[in-house]
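Student: Given the structure of chain B, go ahead and fit chain F onto it with the hints provided.
Taken in sequence, the protein lines are chains B and F. Just remember that our numbering sits 1155 ahead of the position in the first sequence, which is counted from 1. Just remember that our numbering sits 19 ahead of the position in the second sequence, which is counted from 1.
These are computed hints drawn from the structure, not numbers from a lab. All values derive from a computational prediction rather than experimental measurement. Don't take each hint at face value.
If you only want the chain F side, here are some residues facing chain B, beta carbon under 10 Å, derived [said to hold, decoys possible]:
1) A34
2) N72
3) Y79
4) G81
5) R84
With a straight-line cut-off of 25 Å between C-alpha atoms, the simulated DSS-like cross-links for lysine-lysine are [said to hold, decoys possible]:
6) K1274/B - K38/F
7) K97/F - K54/F
8) K1274/B - K54/F
9) K97/F - K41/F
10) K1294/B - K54/F
11) K41/F - K54/F
12) K1274/B - K41/F
13) K38/F - K54/F
Now the stretches of chain B that chain F is said to cover, found in silico as 3 or more residues with beta-carbon under 8 Å [to be verified]:
14) 1191-1202
15) 1267-1276
Using N, Cα and C, we set each Cβ at its ideal position, and we do this for glycine too.
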Amino acid sequence: MDRLQAELNLAADVAEVQRHGTDLGWTVDGPAEIDVYITMTSHVDSEAYVIWFHCPGYPDDPFSVKPVDPESKDPSVARAWSRCDGFRPPNDLCMPLCAEGYALHPEWRTDARWRWESKGNPLLRVAEELQARLDDPTKYHGRNE
Amino acid sequence: MSKQASGIDVGVTYAGAEKPFKMEYDPDTTLQTVKSAVMEAFGLAESTDAQGNQTVYRLYRGGDRLDDLGQTLDQASKNEHHLQLRLVREVIAG
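Same shape as in the complex, but just chain B (with noise of 0.2 Å):
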């Protein structure tokens, strides 16, 4: 896909999740250019966690999701990190929603259960999905130190 393309798909994506976000407690610092992060809070201790969401592709293919220190945007931090179910820190997440889960595993890519869905609003998708985690305590588990 073309880079300006994603990046105008984006935009218009962000908007939303700006307005949804609000409801959510979240602060959305982007577009810029492809790169978009959410500060949202986890419900269980109220620790807040950055994510950084780089969509060169988007919407059509998997984008990088991963926590960054606050001030460096350093994904490599390991506080910035939570130990939630599926996070690796400091290196990726697992699951079936962001680049790095489905450059390990290939096979979710094909299957129905699993596969990118690039319909309606991804950014949102994913982010609602990331909140829900981390306001799950039996897969949260703080703040990884």
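Tutor: Then chain F, alone, in the frame of chain B:
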């Protein structure tokens, strides 16, 4: 005096769908009935694979997850005539 509405207008958004689900239901309808209709309308299905990995979908009202799907729309809407919900996917590793 305005006529009191008898049904409850239910709206459900799913970010993976093009349009929200909208339907008027009897107040005694359960959330489970609504969820089933929403899943069908959006072409979604819950699943479990051989390794025990599950894909499930949860209903939310605002930031609150609605786990008791046996409650009626009257209860869930707190006697209002409109109920706005979200459907969110959850993947559970086996």
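Student: Hints first: check each against the structure and report whether it holds.
Tutor: Here's how the hints hold up against the structure:
no. : hint            : result
1   : A34             : holds (4 Å)
2   : N72             : holds (8 Å)
3   : Y79             : holds (8 Å)
4   : G81             : holds (6 Å)
5   : R84             : holds (7 Å)
6   : K1274/B - K38/F : holds (10 Å)
7   : K97/F - K54/F   : holds (18 Å)
8   : K1274/B - K54/F : holds (20 Å)
9   : K97/F - K41/F   : holds (19 Å)
10  : K1294/B - K54/F : holds (23 Å)
11  : K41/F - K54/F   : holds (12 Å)
12  : K1274/B - K41/F : holds (19 Å)
13  : K38/F - K54/F   : holds (16 Å)
14  : 1191-1202       : violated (count 1)
15  : 1267-1276       : holds (count 6)
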